[in-house]
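Undergrad: Sequence:
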Amino acid sequence: MSLLSRGLAAATAVLTLGVLVPLAVAVGTGSAQAEPIGAGSYTTTLPAGAVLPTACGDIPRNPRQYVTGNAPSGAVPTNDWWSSLIFKRNNCAYSDNLMAHPFSFNTSANGLGVDYATNVTISGTATGVGEYHYPYSTDFTLGVTGLNSPDVKVDGWTDWTVSPYFSDGARTLRTTIGHGLPFVYARVTGGDARLGFPAAPTVWSNSGATIGFTAEGHDYVAYAPSGSTWNVGGNAITSSLAGKGFFSVAVLPTTPASSAADRQALLTSYGRHAHAHVTGTKVEWAYDQAASTVRATYRYTTQAMEGGQSGTVVALYPHQWQNLSGATPIPQTYVSPRGQLKTLVGASAFTTAIRYHGVLPELPQVGMTGGDLTTLNNYLNEASAGDPFAGFNNDTYWTGKALGRAARMIEIADQVGNLAVRDKLIGAIRTRLTDWFTAPNGKNERVFYYDRNWGSLTGFPASYGSDTDLNDHHFHYGYYISAAATLAKYDPAWASAGQYGGMVNLLIRDANGFNRNDTMFPFLRDFDIFAGHDWAAGHGAFFAGNNQESSSEGMNFANAVIQWGLATGDTAARDAGLFMYTTQGEAIKEYWFDNRDVNFPSAFQHSTVGMVWGDGGAYSTWFSAEPEMIQGINMLPINGGSLYLGHDPAYIDRNLRELVTNNGGPPTVWRDIIWSFQALSKPDTALAEFRAGNYTVEEGETKARTFQWLRNLSALGQVDRTVTANHPLHAVFTRNGAKTYVATNISNQPITVTFSNGTTLTVGAGKTATTGAITWSGGNGSGGQPTSSSSSTTTTTTTTTTTTTTGPPPVRGNRFFVNNPGALSLTESTGGRVDTIAGAGGGNNDGTPRNAQTYTACGLTGTHDPAKQTGFNLFVDSGTGVANGVQARVSYDFTGSGNYGRVETYRYFATDPVAGWENYAAGAQHSSSGGFSELRNGCVRLEVWSAIGTGPTSLRVNATAGQGQQSVLTIPFQ
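According to mature numbering (1 follows the signal peptide of the UniProt record, and there is no 0), the sequence shown holds residues -34 to -1, 1 to 940 in order.
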């Protein structure tokens, strides 16, 4: 699975036997090897019990297994639209579907499957979960006559292209495909170029080296070298290519409908660039501070295969053509899951210019006095009492949520002069970050591990597939970077390169490193440069392509990088954050929210989606079918980087009207998140609803943060996009026609900020100013009270002694097969069967078994191994059902008395809406009770049920040996 957020089980897994089946490789360790960065460190030894990415064959240890020697050296890219070519998860020889737009692709022994997907499928209801997809369906297969390649490899990649490579020893095919390329470029050896079709194509032009044809209702043109001809026979078109070994195929635009003359004109104009094969793509960005604009230039390198051709044809996404600078698309456009693609012909580069409307460390404090100020301080004192990390899981995601929660309170407490709360939380963040940033730490409870083969940095304990799938690193690490940026303002020594700043930079480098020369990590791992947004799944191995749910947590990462760059004086980090922030902000507006109401298919009756897929979008989440969460997952976390959500107040109103309709009334969960979003349009209404009664606080929130946000927006009004400023930390608000200008200065010198309408603000060192008045102090320690905590650290060496205990004789194995009926067995049964897990009926059974399938093994005797954990791999499938989530509980009866003394409930696993077995693997626990003891004629029980969703789910049991999809349970006993 991909990400994603609250409630989805992490995809950690036990070993699965076989050669071409997914493996989660666990490696036993002794003492971890620490690699220092300043005062911090990470480990290059896999922590005990941790696992490598889950993939086929030997890929976990050798991800370059399917990369040729021509590909770039260094870390392999993951989390991209084409990652399943390398990170083979489901198809161990080829790839899953690759959604490039306007093309979609697949790979097989015969070559590259090509599709221009224009037919949409819509499922679900107008008021419940629903999806739209432009599914892949082969228009033709591009290959070489007789090609029978045993696999597909990657022969190279650039910023938004990839080159799949096929070879059977006698014949080879090298293709280049990419985002926004209506051309496929091909080079062949050992045979004729071949286009194979499901049914005979319609040829509408065949003249020498160029042939125009229609397949599955789409118009294509194939361009061979001069002197070539194309031969049509049956369901194939072939060419010897005059022995020159190269050609290209273009798909022509479909809107408006083309006449014969239009097709011929496009055939000619595209043909001027058909032999200028794209060999490189590269993005460059720059922040024009005076104009508050981020300009990004997308460049193409081409090789003239003949005739000195140059330039290419480019199809632009809406977020690009809406912000296009200095170029004019042709009238014809392409259909895509992202809406209309507009086309440039003959381009070697194009530039977007996106206005930047500012971020803030936090909303300014404006006129809050008396009872409201007392209320805010009471909320701060209440939320900061005790350990701020108590109640949060110890994994990277939930630690991040706790860090983000504490950082917000630091900023607010400093504003109102509540230095006791501020300094306590500064100390708590410093201690926890220092712990994570120091390896080894004895128990390896909190440590970052770098894997040289994958070029990845993974925090352990991991969660939501951040280890096995390389999921969500930007989501998790954004919270760490944001908290570090807040800490850096008060304790700059801690954030220095000689202390822990290098570890913060390491997290940035892993998730979205912006230095092309970094040999440790891929360039912009999670951020899809051309698509304009992040992808969550490391492997992207889904029928619908890759996906991303929480776009707002992606923006949290980008904002965190901006804030960190400013706090540490790292201009390159600041500008990279600005590029991601402004670009993704436009993408969210178009593809998650469809603010203009033109990109979603007209029959898809939703004004927002919870997640974007490579081939569409879904009004759903991986973890809940509740409208508040489907819509709220693209709002949280709320902070001073969330102002982009307020750029279109009318859309906010439309979004929330749908939420109320779909929910059958006002929100009942995540109300603080929804109010914070609502306040960017109607702050007085949101504040009144907050004051009206009690509510359950979202896990990463506090009443202090929510009240501060609502109360100050009630005074400030809506975000004003008509005015910008020449400083990154700025915002403008309008209420009843009156503007309030805001700027923050975290430097140690006063600055003057000039707004685009001529208004100026003088801002003191470490202060925020609003329309000429200082409203709070703090920042880098120069403008407020310094903290009393020291940034120095003490290193403690812990010696761990392993004691061997003589106990009862061990069982004959600890790996149990899930067998029908109701049994766990040490032997694998034959004859693949399935058990049906009843649906949840639309209810929420999270943590509570209901209509569970139960499997038990008894008569077990063995010694508990404290170095190991319970593990399972359960193969489940909900078919095309949406928003289903299965959950598992494992219970131990140590004496066979009927009393289960240890009970472990795991977070539920959200199944995807595509038919096919998915691996629900043991990961983060929902809850546990009781301790372990020795098994003496004891029992172990596995229960599986539906936590959410309406439809049934199949569980695979009794798989035939060698099939590789037998559900198994592993217990931590010798």
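Hints are supplied without guarantee of correctness; some may be wrong.
Pairs of lysine to any residue, SDA-like flavour, derived with a Cα cap of 20 angstroms [unchecked claim]:
#	residue 1	residue 2
1	Lys210	Val311
2	Lys210	Met271
3	Lys669	Tyr345
4	Lys648	Glu665
5	Lys834	Gly274
6	Lys705	Asp614
7	Lys390	Thr317
8	Lys669	Gly659
9	Lys390	Asn347
10	Lys705	Thr718
11	Lys834	Ser899
12	Lys705	Ala681
13	Lys669	Thr688
14	Lys834	Trp883
15	Lys210	Ala136
16	Lys648	Asn692
To be clear, the hints were calculated from the coordinates, so they are not data collected in a lab.
Undergrad: Does each hint fit the structure? Answer for all of them.
TA: Hints versus structure:
1. For the proposed pair Lys210 and Val311, the alpha carbon gap of about 26 angstroms is over 20 angstroms, so the pair is violated.
2. At most 20 angstroms may separate the alpha-carbon atoms for a hinted pair to count; Lys210 and Met271 meet this at roughly 10 angstroms.
3. For a cut-off of 20 angstroms, the pair hint linking Lys669 to Tyr345 stands: about 6 angstroms separates their Cα positions.
4. Taking the CA atoms of Lys648 and Glu665, the gap is about 24 angstroms. The hint is violated against a cut of 20 angstroms.
5. Only pairs whose Cα atoms come within 20 angstroms are accepted, and Lys834 paired with Gly274 is rejected, the gap being roughly 63 angstroms.
6. For the suggested pair Lys705 and Asp614, the alpha carbons sit about 17 angstroms apart, so the restraint of at most 20 angstroms is met.
7. A threshold of 20 angstroms between alpha carbons decides the hint, and for Lys390 with Thr317 the separation of about 47 angstroms lies outside it, so the pair is violated.
8. Distance restraint check for Lys669 and Gly659: the Cα-Cα separation of roughly 12 angstroms lies within the 20 angstroms cut-off, and the hinted pair is therefore satisfied.
9. Under the criterion of a C-alpha separation no larger than 20 angstroms, the hint pairing Lys390 with Asn347 is consistent with the structure, at around 11 angstroms.
10. Under the criterion of a C-alpha separation no larger than 20 angstroms, the hint pairing Lys705 with Thr718 is consistent with the structure, at around 18 angstroms.
11. For the hint pairing Lys834 with Ser899, the CA-to-CA distance comes to about 14 angstroms; that is within 20 angstroms, so the pair holds.
12. For the given pair, Lys705 sits about 11 angstroms from Ala681 by alpha-carbon distance, which is consistent with the 20 angstroms threshold.
13. Taking the CA atoms of Lys669 and Thr688, the gap is about 32 angstroms. The hint is violated against a cut of 20 angstroms.
14. Taking the CA atoms of Lys834 and Trp883, the gap is near 27 angstroms; set against the 20 angstroms cutoff, the hint is violated.
15. In summary, the hint linking Lys210 to Ala136 is supported, as the alpha carbons are separated by about 17 angstroms, within the 20 angstroms threshold.
16. This hinted pair does not check out: Lys648 and Asn692 have alpha carbons roughly 28 angstroms apart, beyond 20 angstroms.
The structure does not agree with the numbered hints 1, 4, 5, 7, 13, 14, 16 stated previously, though it agrees with the rest.
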